[in-house]
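Peer 1: So you can see what is in the structure, the chains are spelled out below.
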Amino acid sequence: MAQRERGQVPMIEIQNLSKSFGPIKAVDSLNLKVSKGETVGFLGPNGAGKTTTIKIMTNLISATSGRAVLHGVDVLTNPKQALDSVGAVVETPEFYPFLTPVETLAYLGSIRGMHSDQIKRRSNEVLQQVKLEEWRNTRIGKFSKGMKQRLAFGQALLHEPEILILDEPTSGLDPRGMVEVREIIRQLKKEHYTIFMSSHLLLEVQEVCDRAALIDKGKLLVYDSMDNLKNLTKVMKIEVTTVSGITDGLMNKIRSMKNVRAVEGVNSQTIVVTFEGPMEARAELLQAIQSLGARVTGFSPVGLPLEMLYMDLVKESR
Amino acid sequence: MTMSETVKVHRHTPSDASQVPIVWRYELLKYLRSKRLLASIAIAAVVVGLIYAIPILTGDGYGNATKEGFIVNFVQFASILVVICATFFGADSIVGEFQSRTGYLVFPTPMKREVLFLGKFMASMTSGIIVMTLFYLGVGGLSFATVGGVDADFFASYGLALEYLLAAMAVAYFISSIMKGSTGATVLTFFLFIMILPIIDGISMVSGVKVEGSLSFAGGAIANILMDPYPVDEKVDYGQGMSFYSFYPDPAMAALVMLIYAVIAVILSMVLFKRKQLTG
Numbered sequence: 001m002a003q004r005e006r007g008q009v010p011m012i013e014i015q016n017l018s019k020s021f022g023p024i025k026a027v028d029s030l031n032l033k034v035s036k037g038e039t040v041g042f043l044g045p046n047g048a049g050k051t052t053t054i055k056i057m058t059n060l061i062s063a064t065s066g067r068a069v070l071h072g073v074d075v076l077t078n079p080k081q082a083l084d085s086v087g088a089v090v091e092t093p094e095f096y097p098f099l100t101p102v103e104t105l106a107y108l109g110s111i112r113g114m115h116s117d118q119i120k121r122r123s124n125e126v127l128q129q130v131k132l133e134e135w136r137n138t139r140i141g142k143f144s145k146g147m148k149q150r151l152a153f154g155q156a157l158l159h160e161p162e163i164l165i166l167d168e169p170t171s172g173l174d175p176r177g178m179v180e181v182r183e184i185i186r187q188l189k190k191e192h193y194t195i196f197m198s199s200h201l202l203l204e205v206q207e208v209c210d211r212a213a214l215i216d217k218g219k220l221l222v223y224d225s226m227d228n229l230k231n232l233t234k235v236m237k238i239e240v241t242t243v244s245g246i247t248d249g250l251m252n253k254i255r256s257m258k259n260v261r262a263v264e265g266v267n268s269q270t271i272v273v274t275f276e277g278p279m280e281a282r283a284e285l286l287q288a289i290q291s292l293g294a295r296v297t298g299f300s301p302v303g304l305p306l307e308m309l310y311m312d313l314v315k316e317s318r
Numbered sequence: 001m002t003m004s005e006t007v008k009v010h011r012h013t014p015s016d017a018s019q020v021p022i023v024w025r026y027e028l029l030k031y032l033r034s035k036r037l038l039a040s041i042a043i044a045a046v047v048v049g050l051i052y053a054i055p056i057l058t059g060d061g062y063g064n065a066t067k068e069g070f071i072v073n074f075v076q077f078a079s080i081l082v083v084i085c086a087t088f089f090g091a092d093s094i095v096g097e098f099q100s101r102t103g104y105l106v107f108p109t110p111m112k113r114e115v116l117f118l119g120k121f122m123a124s125m126t127s128g129i130i131v132m133t134l135f136y137l138g139v140g141g142l143s144f145a146t147v148g149g150v151d152a153d154f155f156a157s158y159g160l161a162l163e164y165l166l167a168a169m170a171v172a173y174f175i176s177s178i179m180k181g182s183t184g185a186t187v188l189t190f191f192l193f194i195m196i197l198p199i200i201d202g203i204s205m206v207s208g209v210k211v212e213g214s215l216s217f218a219g220g221a222i223a224n225i226l227m228d229p230y231p232v233d234e235k236v237d238y239g240q241g242m243s244f245y246s247f248y249p250d251p252a253m254a255a256l257v258m259l260i261y262a263v264i265a266v267i268l269s270m271v272l273f274k275r276k277q278l279t280g
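Residue numbers (my numbering), protein chains in the order written: chain A, 1 to 318; chain B, 1 to 280.
Everything labelled a hint here was simulated from the structure, so no lab data went into it.
Bear in mind the structure is a predicted one, so any value in this text is a computation, not a measurement.
Careful, some of the hints might be misleading.
[Claimed, not checked] Across the chosen pairs, the derived CB separations fall in these ranges:
1) A:M311 x B:K274: 50 to 56 Å
2) A:E264 x B:T102: 42 to 48 Å
3) A:K230 x B:T102: 37 to 43 Å
[As the list claims (entries may be wrong)] Below are the DSSO-like pairs computed for lysine-lysine, each with C-alpha atoms no more than 30 Å apart in a straight line:
4) A:K80 x B:K67
5) B:K180 x A:K217
6) A:K25 x B:K180
7) A:K258 x A:K33
8) B:K30 x A:K142
9) B:K30 x A:K145
10) B:K274 x B:K112
11) B:K276 x B:K35
12) A:K145 x A:K120
13) A:K142 x B:K67
14) A:K142 x A:K36
15) A:K33 x A:K253
16) B:K276 x A:K148
17) A:K217 x B:K274
18) B:K274 x A:K145
19) B:K276 x A:K142
20) A:K25 x B:K112
21) B:K235 x A:K36
22) A:K80 x B:K235
23) A:K25 x A:K142
24) A:K148 x B:K274
25) A:K189 x A:K253
26) A:K120 x B:K30
27) B:K276 x A:K25
28) A:K189 x A:K120
29) B:K180 x B:K276
30) B:K235 x B:K30
31) B:K30 x B:K112
32) A:K148 x B:K112
33) B:K35 x A:K142
34) A:K131 x B:K30
35) A:K80 x B:K112
36) A:K145 x A:K253
37) B:K180 x A:K145
38) A:K36 x A:K219
39) A:K131 x A:K142
40) A:K189 x A:K219
Using N, Cα and C, we set each Cβ at its ideal position, and we do this for glycine too.
Just need the whole structure built from these sequences, with the hints factored in.
Peer 2: This is the structure in structure tokens:
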């Protein structure tokens, strides 16, 4: 197969997209562009508007205004053509319980215009990929939530779409299943699929995605490359370990220092300092703690930069 | 095998007209697998068996039975069988996609909701037609075996039964498209035809107002068409201003009423299905 090419061609273009449920604005003038071959994480707290946006993009709900253009076609005005090049997993879909995975894939493949030999070949491949080969002829009614989620992933890949839209793709999976799905996404990324995925799991997004968009209350807070987002992080947690031990007095003195937001004791020798400031200020903090007589043996950031940024931006927007 | 080692899938999304039979085929498969089709056929077979056996068990037998009299006994059950089919194959067809979340699977595909609707409706109708045809074949076979043939209006009754099925199925789809739960849609469909509409018909017998627009009243033509001569409306006075009316639907009017119900209900339910959002 010819590898998909990466480029600046926008595969997904969301323009002034809004969706209101009565007085509540679930999505508020959202603008977003995903170039060909990019993997973009879509982050936000519960109720931020992630799933609503994805539901609009996949023709599950209508928009109040705006456009959602997939591969050059507005899904709101021409969903059939727009969704032709899309594979989607939205929430944990339910399958028809009386059909088997092979029959379900044949149904969806036929709807998409695949020939029977293509369906057979691709069904074998995707069922192998999502590790459901041995269940291929078992009725889906007997499947666990995790198995259904893997099958949902399989059906999204069946027709080798240009764009993959994934809403919480590892939701409902056990740790092993989550790792496997991440591996599949990495593989698809290597093949330059355009992937747009929402997730609560910041580590997942940080590991897998090229860019991330953070939204809250339906509004886009930030959208940038992972590297730039990490640099945007103003707040960080630093774990400080001493050999001399941590006293309450020392903790109170650290709390009163410039740029320190909070201090939590981990054990008698370790504390975690929540800190806001540039690299120079971090060096000053270390010096200040040492000047208080603490014999510091460890001074390192903990937690994910993206998590820090996420918490920071979401807090600011509320 | 990784995806990069595979051959790219070449495909063209089928036309709307080509997608309808695909949906139809898999919906029918679902009815077969879920045993709903089998259950409906079993109900029809048991009822036909019981109606046939009762005169024999009571000792009356079929010695003096006419073709008309023999078949009317069975065909009176046809309208109830239509309601069972509409309930089994139509009541949860639309709402089920939303409540059981299968819409998350089929709505993000390149297929218009109208296409999905038509495929589903055709599958529901096909299942209903299979049941009704087997019922009429069974009744016809028994009639041949017992009284040596079928009534002249037997096929007219069959035609009206299929039209009643079309109208009832359309109404079931309409209920399915406005309800939020499968159970509610199923219960409402069944009781609408078995209880609510017959109560309205019953009131007309007392009030003297012929409700030609009632679907269940129109369904009465399925059995009435077999009667020779066709029964006419009558009024019986009980004195003291009390009267009781017996109304019979005109077959042509009944056919028209059924058709109007079918067309309006199909259009409305298709529009509602298209507009319905998967928010849950």
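Peer 1: Checked against the structure, which of the hints given earlier come out wrong?
Peer 2: Hint check: 1, 4, 7, 13, 14, 15, 21, 22, 23, 25, 30, 36 fail, others pass.
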